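Chains as they are written, first to last, in this note's numbering: chain A, 93 to 364; chain B, 1074 to 1418; chain C, 567 to 832.
These are computed hints drawn from the structure, not numbers from a lab. Don't take every hint at face value.
Claimed, not checked - If you anchor each label on the Cβ, the simulated ranges turn out as follows:
#1 A:ALA224 <-> C:VAL819: 53 to 61 Å
#2 B:ASN1237 <-> A:ARG95: 43 to 51 Å
#3 A:ALA361 <-> C:GLN638: 38 to 46 Å
#4 B:PHE1086 <-> C:TRP634: 33 to 41 Å
#5 B:SER1129 <-> C:TRP634: 26 to 34 Å
#6 A:GLU126 <-> B:GLU1167: 37 to 45 Å
Values in this document were obtained by computation on a predicted structure and should not be read as measured data. Note that the Cβ used here is the ideal one computed from N, Cα and C, for glycine as well.
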Amino acid sequence: MKREAFLLLMPGVVVLGFVFALPVAQVLLLAFDEGPGQIGAANFSKLFVDSYYPLVAERTIRLASLITLVTALLGVPLAYVMYRAQGWIRSALIVLIVLPLMTSVVIRTFGWLVILGRGGLLARTLDMFGLAPRNFSLMHTETGIVLALAQVLLPFMTLTVLAAMSRIERNLEEAARTMGAGIFATLWHVVLPLARPGIVSGSLLVFALAVSSFVTPMLVGGVRLPVLAGAVYQQMTSTLDWPFAAAQATLLLALALLVILPYARLARARGG
Amino acid sequence: MADVVVDGLSKRFGATSALDAVSLSISDGSFVALLGPSGCGKTTFLRLLAGLETPSAGRIRIGGIDVTGLAPERRGLGMMFQSYALFPHMTVAENLRFPLRMRRVGSREEQASRVGEALRLVRLDELGARFPRELSGGQQQRVALARALIADPPVLLLDEPLSNLDAQLRKDMQVELIELHRKIGLTTVLVTHDQDEALSLADVVVLMRAGRIEQIGSPRDIYRRPATIFAARFLGGANVIPVQIARGVATLAPGITVPAPSAPDGAHHLVLRQEDLRLRAARSDQDLAVPAAIVAVAFHGASLRVVVQVGDQRVALQVSADDAATWRAGDLAQLCWRREAAVFL
Amino acid sequence: MAGGISLAARLLAVLLILVVSVFMLAPLAVVIVSSFSASEFLIFPPRGWSLRWYAEILASRAYLDAAWFSLQLAVVVTILALAIGTPAAIAITRHAVPGAEIISGLFLSPLVIPTILLGTGLLMMFSRYAGGSSFWALVAGHVIVTLPYVVRTVAAVLARADRAAEEAARVMGAPWWRRYWHVVLPQARPGIAAGAFFAFNVSFDEAVIALFLRTPGVETLPLLIYSKLEFSPDPSVAAAATLMILLTIVLMVALDRSVGLDRVAA
């Protein structure tokens, strides 16, 4: 029995070890590499030489927070509507959420390039209402990054909150209604408090994904609005200062882990 | 305190009809049990009263007011769910206070004192600060009941309130419910599939089947005088024997007859309850009797359950275990019953 | 529960659904519409309609090579992910492994570790020890990110399936290969199908690791699109993107037909 389990797990553990743990370890090791035979934190102090990298980090965190807020504001009510919907409406909403998720992030971002650019869908619509000129563009702006990345990450928030709401006993809302609570009172006093673990979970997940996002900020924001992931890429491919890149990647990992560990603990608390 | 008048109430879910033009009058202060097998529409009826479903047709009047279009939170009723539906994120006291808060009844102090009263009423005095998950099943059930009553509703709705309790607790709670009803005199509508519960708690039993009312009456009436075969079978597990009646004589099987003086001619059913039947070696003059062969005997503690064969019919009955004669499979006996106990349908 | 939801609440729900629908679908819709543009530039709305861009990408060496490469990659990755992930899921759900929680978490962790980190590490590792990136480097990277999907879906299905069937087979004397072939794998089939879908789809769409491990001869379709987007894209990019969307839809429909999407939406 034990041997069978061992054999079944072996391939997976080996692959994880060589192709996952090793590269990550490699990065961590390189981050502390100060040159032949020397180990230290010099690469990390390079981050504070001027205000450039602190700014990049600050921008990454700030945008990730905004994105988390936007996805929560949209995603939680959406999850509730999906939770209460029946039949074909519910299926349609699930497809609405899942289909974009299944397409490449490059494609979704591409769509945003066309929407946000000069003369794009957004500009033309605003122009129709006289709110902005036709060459209005949100490309290369932080607002554009937030919008695009919020759309990319909304399904993660919604599906997590939906799963949490589905675990709420159905009768509780009905009981509240019979006790005099209207639908909004029921939402406020019963549904939201009970869905809170899911909302927290979803927020942590979205934040972690937003903080480490590369494609969307790169294409929408451009090189003048780098985020942490973009900075790493630049070091790896143009400047070729790999130890420095490793240090930045380590910083990114630390930031992500800060959020992922509570997320994992929450997931384990409710039984995975 | 209010009466409930339901007129032509129907509810369809897609193609299936859960309730079919049901009309019912529940007088102020009475305890009504809706009884029936699953799918008969009793729970749908209750939910329609509460406003948790909207009817496809018909009207509902509570205390003279037409509530048919009214949302559940505006009807001001008290409802207790089978699963208790206690809010897990609130303490017992907060659960009890919830209806008062939602209906904006009294100041904060008044609400607190009413919560205290309610806790005393169901004998959970010290447990206000606990959470529902820390209570036993029976305690949770009492909290749910108190919560349904705390805002003084005109009507109390109970959805299979005792089905989650074990047998002993159930009996205790039944007594409590009866006492509560006697004390407060609140119009109560109980939904149950357990005929014992319905018979012991209610003033009026409404037997339902397939979305319609099968029979209404006091517990005693329905039990002793079932109007249909379904009613006879559902309440008390009666024996139902097809017979042919001609000129006041009912034929159970070739050569086996009993008198049936007031029944019309034709094909009927003879309804005999298990507890009305006796087995004797020889018939006595006061009873009706037919010859029977014993097929099986099962020991059930205080009684024996015996299955006999009459002609080609199987009949089941109960005899007390300390009966002098010990019956065994293969024995022949007389199956007897009092004239008045037989019902022809 | 159908009873008495206020008009205000209903209106708000409808409004929300409309806003979210537009928000979620607009980028995809815009891409699809742009692919039929007759003009040289990506303007919206297009000023004329034409299928020329589809003709162009279907005749273009660059696009066809990239698509073929992505396809081969995805197939290899899927096979490997299934071969590694399915046994792991079986071990986690069917065998009382000590620390099953931790092992399960380990297999799912690539989902939340930033792919940028993985890409960086893989490039460093393969450069140092294997002389640089290659098809197999990319395979390795993709297997890591798709493995969690396979493990999750197979484990979910097996956890709900009847354990007793396997035990009964054992009691009846079936050797291990029979047990797997006749009981466990058939039980896991919906999970394997869903896992295959996710693995293929994720690999085909993946851009970050592909970007880091990019070298001549190692270029995926998403990567090609990404490069073109960095400069001045013409509607051919939209045509390629639309075909990718179509592929995803076809795969989703196939998955629903064979297994049922509601199982997967969890």
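Now the hints, each set against the structure:
1. A:ALA224 <-> C:VAL819: 53 to 61 Å: Distance hint for ALA224 (chain A), VAL819 (chain C) is violated at roughly 40 Å.
2. B:ASN1237 <-> A:ARG95: 43 to 51 Å: At 45 Å between Cβs, range holds.
3. A:ALA361 <-> C:GLN638: 38 to 46 Å: Roughly 42 Å apart at Cβ, these two residues keep to the hinted range, so it holds.
4. B:PHE1086 <-> C:TRP634: 33 to 41 Å: Since the Cβ atoms of PHE1086 (chain B) and TRP634 (chain C) sit about 52 Å apart, the hinted range of 33 to 41 Å is violated.
5. B:SER1129 <-> C:TRP634: 26 to 34 Å: violated, 59 Å
6. A:GLU126 <-> B:GLU1167: 37 to 45 Å: violated, 60 Å
Checked against the numbered hints above, the structure violates hints 1, 4, 5, 6; every other hint is satisfied.
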